[in-house]
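The listed protein sequences correspond, in order, to chains A and B. Going by UniProt numbering, the first residue of the first sequence is number 1, and it counts up by one from there. Going by UniProt numbering, the first residue of the second sequence is number 1, and it counts up by one from there.
Misleading hints may appear alongside valid ones.
[Said to hold, decoys possible] Cβ pair distances, simulated, as ranges:
# : chain 1 : residue 1 : chain 2 : residue 2 : range
1 : A       : Val85     : B       : Lys159    : 38 to 48 Å
2 : A       : Gln162    : B       : Gln77     : 43 to 53 Å
3 : A       : Asp166    : B       : Lys176    : 18 to 28 Å
4 : B       : Asp223    : A       : Glu165    : 21 to 31 Å
5 : B       : Gln58     : A       : Gly141    : 37 to 47 Å
6 : B       : Lys227    : A       : Gln162    : 16 to 26 Å
[What the hints assert, rightly or not] Computed list of lysine-lysine pairs in DSBU-like fashion (alpha-carbon distance at most 35 Å, straight line):
#  : chain 1 : residue 1 : chain 2 : residue 2
7  : B       : Lys157    : B       : Lys130
8  : B       : Lys159    : B       : Lys130
9  : B       : Lys69     : A       : Lys67
10 : B       : Lys219    : A       : Lys11
11 : A       : Lys11     : B       : Lys150
Treat the hints as calculated values from the structure; they're not laboratory data. We put the CB at the ideal spot given by N, CA and C, even for glycine.
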Amino acid sequence: MESSDEAAVQKHRIHLRPVSLRDAAPVTLHLLPCEVPVNQPAPVGRFFTPAIRQGPAGLEVSFRGRKLRGEEVVLPPGLVGYVMVMEEKQDFSEGPENDDEQEEQELVEPPEALERNFDCFIGATASFSRFTLWGLETIPGPDAKVRGALTWPSLAAAIHSQVPED
Amino acid sequence: MARSGDCADGARARQHVFLLPECLKDASKKMKSGLMFVKLVNPCSGEGAIYLFNMCLQQLFEIKVFKEKHHSWFINQSVQSGGLLHFATPMDPLFLLLHYLIKADKEGKFQPLDQVVVDDMFPNCILLLKLPELEKLLQHVTEERGIDKKKYYKFSKEKTLKWLEKKVNQTMAALKTNNVNVGARVQSTAFFSGDQVSSDKEEDYIRYAHGLISDYISKELSDDLSKYLKLPEPSASLPNPPSKKVKLSDEPVEAKEDYTKFNTKGLKTEKKNSKMTAAQKALAKVDKSGMKSIDSFFGAKSKKKIGKI
Chain A
1 MESSDEAAVQ KHRIHLRPVS LRDAAPVTLH LLPCEVPVNQ PAPVGRFFTP AIRQGPAGLE
61 VSFRGRKLRG EEVVLPPGLV GYVMVMEEKQ DFSEGPENDD EQEEQELVEP PEALERNFDC
121 FIGATASFSR FTLWGLETIP GPDAKVRGAL TWPSLAAAIH SQVPED
Chain B
1 MARSGDCADG ARARQHVFLL PECLKDASKK MKSGLMFVKL VNPCSGEGAI YLFNMCLQQL
61 FEIKVFKEKH HSWFINQSVQ SGGLLHFATP MDPLFLLLHY LIKADKEGKF QPLDQVVVDD
121 MFPNCILLLK LPELEKLLQH VTEERGIDKK KYYKFSKEKT LKWLEKKVNQ TMAALKTNNV
181 NVGARVQSTA FFSGDQVSSD KEEDYIRYAH GLISDYISKE LSDDLSKYLK LPEPSASLPN
241 PPSKKVKLSD EPVEAKEDYT KFNTKGLKTE KKNSKMTAAQ KALAKVDKSG MKSIDSFFGA
301 KSKKKIGKI
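My request is simple: use the sequences and hints to build the entire structure.
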């Protein structure tokens, strides 16, 4: 067993299951302009989605007595959206990895064993290429902060690409 | 199992909303394993930050989190608090190697890379040694010597500054093509359509680019780079103080805002705290709620440990 001292050392690895990126089902996402301090199932399709109307200047919906106005945000090209969830730790290890053994194609594995028995696993449960962005009373518009954030990947590409030789 | 009942948040596990480069999806089609999130050093703050490795294609990705206050997700038929959006973007591993090369340079001698890239706190740093073409990358920041095929490296500040200047230049070009607002003065030109301000603009771009690059290097090196680029000392008369501040007020760097929180997570000692820039400190004070989610992302074990301290 690890001592608690070892736990302070950041040696964990969280393995992202490649197979989950392949067949993640599409998901509907709404980014809401309010705090909902829980993570749990919610009857979105019963109360929220059916109330969305197409207004003169975009989408409209009423939520908790407030008017929200929204618009579709399409992810920039070259990006794929995923919803990921950590897998419950299984003490008897091995994990679901064995389940996809029957795959016909020979899959590449890194040359050495990277998974240790104290590692965790995470997998994509769904994928998306757009989401609905909601503003309180007003349409978020081109100045929405999240739209600015979406330009980060192209900026990061410039920062991290190799420099030209002399 | 009884375990899941312990979760105070509610019945469901936390869902993380991620944006990944398409190349990872394509690569996953041929992979059985080899994608993993690990914690490595943040070369700017010295704290921990999360990175993603693709060990099959030997790629390194940086993870940043966008967070805006008072936001939440509806994800199909569920609600997820926080409204976080995680970005994975390709990262130049040389920034991380540079961190270790500068650390090792205290010994003042040529050393093989596997003796340079060692870290008691972040042992996963050895994964960096598996990335391709490291020898080529290292030429940008080191003097090297070879004895019997074995290469020995020593940090070269001169070469490093030259390399960083190129980084600043290519970042500036991207800022321009992306039409990023780089400072208060640029914004003000939107109101006053004279072009007397346009000469200032170039300086704003370089300052902004310098600020972006500075997030991947130490404070000392950032100051050296500022001198090397002949950036004027930020004086009190300027309405917009140093590059960092300018950046934080602007949009694309919102992603960064949480990156900082990411890294403050590992905060343990005041000594390390002092390595944070003023902007980072301010951010850390403002809102630490993002930290919690990152904690949970990395499992309860480390959370417990931090709680004890």
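Outcome of the hint check:
{"no.": "1", "hint": "A:Val85 x B:Lys159: 38 to 48 Å", "in the structure": "45 Å, holds"}
{"no.": "2", "hint": "A:Gln162 x B:Gln77: 43 to 53 Å", "in the structure": "45 Å, holds"}
{"no.": "3", "hint": "A:Asp166 x B:Lys176: 18 to 28 Å", "in the structure": "23 Å, holds"}
{"no.": "4", "hint": "B:Asp223 x A:Glu165: 21 to 31 Å", "in the structure": "27 Å, holds"}
{"no.": "5", "hint": "B:Gln58 x A:Gly141: 37 to 47 Å", "in the structure": "41 Å, holds"}
{"no.": "6", "hint": "B:Lys227 x A:Gln162: 16 to 26 Å", "in the structure": "25 Å, holds"}
{"no.": "7", "hint": "B:Lys157 x B:Lys130", "in the structure": "25 Å, holds"}
{"no.": "8", "hint": "B:Lys159 x B:Lys130", "in the structure": "24 Å, holds"}
{"no.": "9", "hint": "B:Lys69 x A:Lys67", "in the structure": "19 Å, holds"}
{"no.": "10", "hint": "B:Lys219 x A:Lys11", "in the structure": "26 Å, holds"}
{"no.": "11", "hint": "A:Lys11 x B:Lys150", "in the structure": "28 Å, holds"}
Checked against the numbered hints above, the structure breaks none of them.
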